[in-house]
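Combine both chains into one complex, guided by the hints.
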Amino acid sequence: MTAIRVRINGGEVADDVPPRLSLADFLRERRNLTGTHLGCEHGVCGACTVLVDGEPARSCLTLAVACDERAVETIEGFAGDPVIAALRRTFHQRHALQCGYCTPAMLITARDLILRQRAGSEREIRDGLAGNICRCTGYTNIVTAIAEAANEIAKEAPNAQ
Amino acid sequence: MKAPPVDYIRPRSLTEALDLLANAGAEGRVIAGGQSLLAMMNLRLASPGLLIDIARLPELLTAADHDDAVTLGACVTHAAIEDGRVADPSHGLMPRVAATLAYRAIRTRGTIGGSLALADPAAEWPAVLSALDAEVILYGSSGRRELKCTEFTTGIFQTKLAENEIIESARVPKLSAETRCGYVKLCRKSGEFANALAVVVADPRRGYWRVVCGAANGAPLVLANTSRLVAEAPRDPDALRGTIGSDLDHASDRHFDEFQRNLHTVAAVRAVQQVLV
Chain A
43 MTAIRVRING GEVADDVPPR LSLADFLRER RNLTGTHLGC EHGVCGACTV LVDGEPARSC
103 LTLAVACDER AVETIEGFAG DPVIAALRRT FHQRHALQCG YCTPAMLITA RDLILRQRAG
163 SEREIRDGLA GNICRCTGYT NIVTAIAEAA NEIAKEAPNA Q
Chain B
1478 MKAPPVDYIR PRSLTEALDL LANAGAEGRV IAGGQSLLAM MNLRLASPGL LIDIARLPEL
1538 LTAADHDDAV TLGACVTHAA IEDGRVADPS HGLMPRVAAT LAYRAIRTRG TIGGSLALAD
1598 PAAEWPAVLS ALDAEVILYG SSGRRELKCT EFTTGIFQTK LAENEIIESA RVPKLSAETR
1658 CGYVKLCRKS GEFANALAVV VADPRRGYWR VVCGAANGAP LVLANTSRLV AEAPRDPDAL
1718 RGTIGSDLDH ASDRHFDEFQ RNLHTVAAVR AVQQVLV
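Protein sequences, first through last, are from chains A and B. Heads up: the first sequence at position 91 corresponds to 133 in this note's numbering, and the numbers run straight through without jumps. Heads up: the second sequence at position 203 corresponds to 1680 in this note's numbering, and the numbers run straight through without jumps.
Okay, chain B solo, but in the shape it has when bound (with noise of 0.2 Å):
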């Protein structure tokens, strides 16, 4: 189908942006890639009255290396950290991750703020920024915020985004050079959303590990019990995978069936094996 009719207007900068969505309320929207937002328009799942695109805006396409971390504008696309056009603060697992996220002539497009704004559960972004210890900046009418990711996304399409606000960028810490990341998507096709995504950071010169479940029934669940046992590099399979089933076990609001359980175990540790020297 085709889009509602819609007004549409690119602003010059971040702060006449932050005016045009104050002043345009509920019926405004940003719109960064578009890659999920025009595919609900054309499907008429989303009509806003305003586009407020975003995509050019200087201040949201740079990175910037820092001692510790990267910071990310939320307009860098999927594509540019799949090719390392900015910089890499993770090794090489957001460049592999931004490899398997939709298709390139999506990629090209697509933003990480964008997906992170968007919070699909299936989405890849929230879950390995959410491994990476990533913080996430807000700009709104009333100055800048900065929340972790882990707590920026609250559930299924939902964040702490608030109405007047707009994502800046995404600030990622930087791992050690002895870190080892496992990825593990698993999907029916190459490039469609996920029905399982495990995503392990073991980084033990900063004493840090973590293990996030993706496509969760939520937002991306931490296994704490697993990310703790994965520092004393498990060797025994079973108990591996017995501590990831008890972690899913006990994130009973997610509602896991019997299917949904097996594969996030499988790709949990099939994930967790990728960083066992």
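Just chain A, with the same shape it has in the complex (with noise of 0.2 Å):
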């Protein structure tokens, strides 16, 4: 067991966790946070994506002692961010989930793609999704509601874009 100290979702966390336990493990069985998602456990499918010191992570390949110090975001943390809650607005208008697994984690990684001025083009936001998969949706709804969501904020913040 090694002692680990968390910042999740803007809260400390004190833990003790075997080197082996993966942060998604961490979160979901220690912290009860389920929302971050498990698919393949090797990098590949995305579910598991959650923000590290701010920027997205595979949280299966990323082990829960190597976040000791570090801040971890997971989806149930952007309750007030204003980016996922134009996300969370379009992908309910363009119907851009189905089963809504890979749903958390495709709303971080469109923020990532927005907060970067990566989702200008429908050809941007395709290469920026590449990591995550959807099996249900065909991706044409989710591309539709990132490219609205950017303009959006684009609209309320022109200086940042």
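Incorrect hints may have been included.
To give a feel for the contact side, a few chain A residues facing chain B, derived at Cβ under 8 Å [said to hold, decoys possible]:
hint : residue
1    : 85
2    : 99
3    : 107
4    : 173
5    : 178
6    : 190
Derived by calculation from the structure, the hints in this document are not laboratory data. Ideal Cβ placement from N, Cα and C applies to all residues, glycine included.
Below, the structure written as structure tokens:
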């Protein structure tokens, strides 16, 4: 067991974890943050994407011990986030999900694309989403929803875009 | 699946990391971004006894901008290169490559040193750094040594990295302002490992031309005759295709089948065309 202190969604957490425990299992099983989903567990499907120190990361390919003294954000932590709010709305309007398994990570990835200004065209959005697999939608509605959210955000804060 | 049980330690310095590595023997494994190693552990293809986490060592996170080269610490991430957060010796080639490497959520943690150490034949950095004539700087208990990237990678997942050594940095020569670079990665989906990878660096002021194929059934393959031909700015596409083909055939130990030979030829032709003004 290794002692770690992690900031999760703004709150300080201390725990003892076995080194092999992934960040994803730590979040799901120790913190009950089950919005982070596990698909492939080897970095291909993207369902487990969270933010570590503000940057997207695969929580299945990140050890919980390696997050000692780091800040982690999961889908549960974005309640007041304006970009996620816009995405939540456009995903709803455009029917950009069916089963919802990939959706938390789609939202986190899309938010990162919008904030890094990499959601300017369909091509750019599709490239940026290549690491997040959806088995239901065929992606069309997801891409449309992200493009609309990106436009909304750009209108609200023209200087930021 | 889940990773097998393992011990974990995060040393405070490179020297401490080397001591731990020496004491752990065959059980010890250095982990940086872990974007390949943890996938291999989850698939139970790797089961080290001790992970030595070097990802936060300040001496491996720095990038030094010298007169004639840039030294990139081994734990500089692909995302840092993509975003231009470290000095770029390559006039945009390295950021352009980094942006095609896996997915953003992998690039934020995966490191240039990790990519070199693993030496996946389809990986980008071994081929690109070979094309840039970079050196890999290794740090071991008996001191530092430098190897050309072309010598460092010896085969599929094989390098000259000794058991008691850690990659400290990569030293990439600065290209002159007139340099043109070509880069083509062929894969079915954005972010996948390449089926064929071609990198061209043409720096007439330094008299340097090099064409390298990645995903080439072994270490990055320098196309010697094609490199010489690029210096002459070939206009005849058939001659270019023929020279690339003969370079590929010359590497008979790679056992390219017809499909692969075709893919590598297409990638190399397109990459060369990018540097022809």
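Consistency of the hints with the structure:
{"no.": "1", "hint": "85", "result": "holds, 5 Å"}
{"no.": "2", "hint": "99", "result": "holds, 5 Å"}
{"no.": "3", "hint": "107", "result": "holds, 5 Å"}
{"no.": "4", "hint": "173", "result": "holds, 3 Å"}
{"no.": "5", "hint": "178", "result": "violated, 18 Å"}
{"no.": "6", "hint": "190", "result": "violated, 21 Å"}
Hint compliance for this structure: hints 5, 6 are broken, all remaining hints hold.
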